[in-house]
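Going down the list, the sequences are from chains A and B.
Be aware that the first sequence starts at 1, since it is given in this note's numbering, and climbs by one per residue.
Be aware that the second sequence starts at 1001, since it is given in this note's numbering, and climbs by one per residue.
FYI, nobody ran anything at the bench for these hints, they're computed from the structure.
Take the hints with a grain of salt, since some may be wrong.
[To be verified] Straight-line C-alpha distance at most 27 Å; calculated DSS-like pairs for lysine-lysine: (1) A/Lys44 / B/Lys1298; (2) B/Lys1012 / A/Lys146; (3) A/Lys40 / B/Lys1137; (4) A/Lys44 / B/Lys1015; (5) B/Lys1012 / A/Lys40; (6) A/Lys40 / B/Lys1259; (7) B/Lys1012 / A/Lys44; (8) B/Lys1012 / A/Lys142; (9) A/Lys387 / A/Lys297; (10) A/Lys146 / B/Lys1298.
As the structure is a computational prediction, the values presented were derived from the model and not from experiment.
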Amino acid sequence: MFSLDSVGFLITDFNLFYVLSEIANYIYILIILVFLTSFKLLDKDYFIFWAFYLATPLLVNYILFHPSYMGDQEAYVQGVNDFISEGFLSLSGFTSQVLGYQLKISTAILSFVPMVSYLSVTSIGFINKLMVLILLLFLSRKIDQKNLMYFFIVPSFILYSSVGLRDVLIMVSITLFLFSLVERRFLTSLFFALIVIFIKIQLGLGLLISWALMFIIRADISIIRLQIGALIAVAAAILLFGSYGELLNIYRYAFALEDCPGSYYFCTSVDPEALRINSGIGLIWLVISSVPLFLLKPLPWEISGIFQLLTFIEVCVMYYFFYVFVIKSKLYISNTFWIVVTSLAISTALLAVTSFNLGTLSRYRFELLWPYLMVIYFLYIKHESSKEPEAA
Amino acid sequence: MISNFKNPTFIKGFKLFLSVFSESYRVIALSTFTGLIIGFLYSTTLTPLFSVTVVIAPNDMTSSQESSSTSDVIGALLGSRKYNFEGGKLDSFVQVMYSYPTAKILWDQGYDKIFFASSFNEDEGKYLMGEFSFSEKVNAWILGYDVNAANREIGPSNLRPIIRDNLTTKLPRTLDSGRVIMQTTDPAFAGKFIMDALLAADQSLKEEKVSYANSQIDFLNNKLLTVTDIDIRNVLNDSLKMQYMEIAFASSDLPYAIKIVEPPVTSSSIVSPNLEFIYNLFTLLGFLFPVGILFVRKLFNQNSS
């Protein structure tokens, strides 16, 4: 309703217009929540909790930290408004950019989410909250709402769903993909895999391979098929390195520059040749050596500051719950579980070899782990419920 | 999900919410109108602002030390204007415009008197910040430091945020030119201020260039004293000539890093405040507030009944 096109400016400071515009966004989302609760699509008992939960964007930017702390937010609010005013013309030339196109596609999708005001970074935060609400609605049909709440109150999830970035879009798309995959929905899963490919190729590739394993190789009916499929994937990664290696090296270089003290333009300490991966075997070796660090960073002796400590604790807690859901219920005997794990492994490998900056690494790792934890919990519930009649 | 729209709970809930409008339409209408009135009253307190715009472009006379291949790679990665070759020049220029040397030149041109006249302390003959605030005194007391140890003198560094806050730039991706814009109640002053800031930034770049070229000349002259090989001496002499040429360019009164494509132009009507936006926003809030409260109340009443 209120965008750069109709109003003529974006709100870049904490002022009266910012407060009014974001309060209008919040009341709008609150009314949607009231509707969903009243129509019994959400449980009334948790209305107050969700009403507070959806208000968190008001407390993050300008209150917890200045929007420049996550400077990318400005690019997203500009991108959303560009798409609203220019439509698909704003996407022109995106195919010539290796990374910039992801932002354009993401902001184009975000701009389709109806909102009262698109004028500030917090408006994008409310778009994210609305997507979270839609995800909640979807998941509440499959998982008990009380248990769902625990997933939604993970601190990083609250943070990323309150700021104007695309992380929630990625997490929602991956979650919907994974649920469609394990429920064997051919087209829906392909649709969400393609969305992730366009907005975050590092995570989309793993999804596409798991989709092929499920629907083309039919690895769910035999573990032998899964093993053959995985072997083919590894062999293809080694043999076809020449066709994608250059792109992978560009990604490594870009993310290394992001972590460089001089940033993109004034960096002098990053040597592209030192980062270059020259062969498929070199890639496999790099994956093996970098994945453990990627999964655990920041290591206890590297921690400086409360945020890094919380990140470390949070990721350890998530691994613990992975362990609980997988090992204790013997979920590992399910072929579907291994298809899901294959896509998790591929995405982890790609992120591990392209992540350098700790903040970016933590963000990307979380947006990868959260949907997988969610779907593994869903498989765990299904697995447990299937055991109950036998026990009876 | 679609089946939900047909089930009795959904229809009942929907009718219940429609009843909010039928039962409380007076409250909603009154609140919406009140929102509009508040918006109107608020708009009367705002100052109308014109915009003054100057169009600039990179000056082709200057040589660039950037490697175009590097910027091509980064431009391909990020697709952002600031990594585009021409755009990079204007972005660098804008950074200089917001820097201390530019603020110092403007300060010396008399902008200290314009922006800080009320802070001039005649006893001490310099610009000083006002009295310490209560919170500053309390902070000093808690942390145990001498509040008077802080530097209270106002200098060119205090002019920097004023330049940054008042002069906004628009450097579109698709054009080689950019716009420097100021919103103001006094277009004549704004036009002069933008031009002075641009020329000061240009001057600052020139001084930097001359200083660098002079140090290069010193270095090359020292090298010439030690080198005997005629070919190397020729190369060094060519480099020396280049540096003298750079100094000649930078020492002239001509624009150096940028050229003014379009002198200050004042907008034909006010650009701020946007009355339509203000009235729409206040009216909408006037509508949403009671509707939100009534819906929540209805939900809980429905719950208890």
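Evaluation of the provided hints:
Pair hint A/Lys44 plus B/Lys1298 holds up; C-alpha atoms about 12 Å apart against a cutoff of 27 Å. Taking the CA atoms of B/Lys1012 and A/Lys146, the gap is about 26 Å. The hint holds against a cut of 27 Å. For the hint pairing A/Lys40 with B/Lys1137, the CA-to-CA distance comes to about 56 Å; that exceeds 27 Å, so the pair is violated. As the CA atoms of A/Lys44 and B/Lys1015 are separated by approximately 18 Å, the hinted pair is consistent with the 27 Å bound.
Pair hint B/Lys1012 plus A/Lys40 holds up; C-alpha atoms about 11 Å apart against a cutoff of 27 Å. Taking the CA atoms of A/Lys40 and B/Lys1259, the gap is near 65 Å; set against the 27 Å cutoff, the hint is violated. Of the supplied pair hints, the one linking B/Lys1012 and A/Lys44 holds, its CA atoms being roughly 16 Å apart against a limit of 27 Å. Only pairs whose Cα atoms come within 27 Å are accepted, and B/Lys1012 paired with A/Lys142 is accepted, the gap being roughly 24 Å.
Between A/Lys387 and A/Lys297 the CA atoms are separated by roughly 37 Å; this puts the pair beyond 27 Å, and the hint is violated. A C-alpha spacing of about 24 Å is found between A/Lys146 and B/Lys1298, which places the hinted pair at or below 27 Å, so the restraint holds.
Against the hints set out earlier in the document, violations occur for numbers 3, 6, 9.
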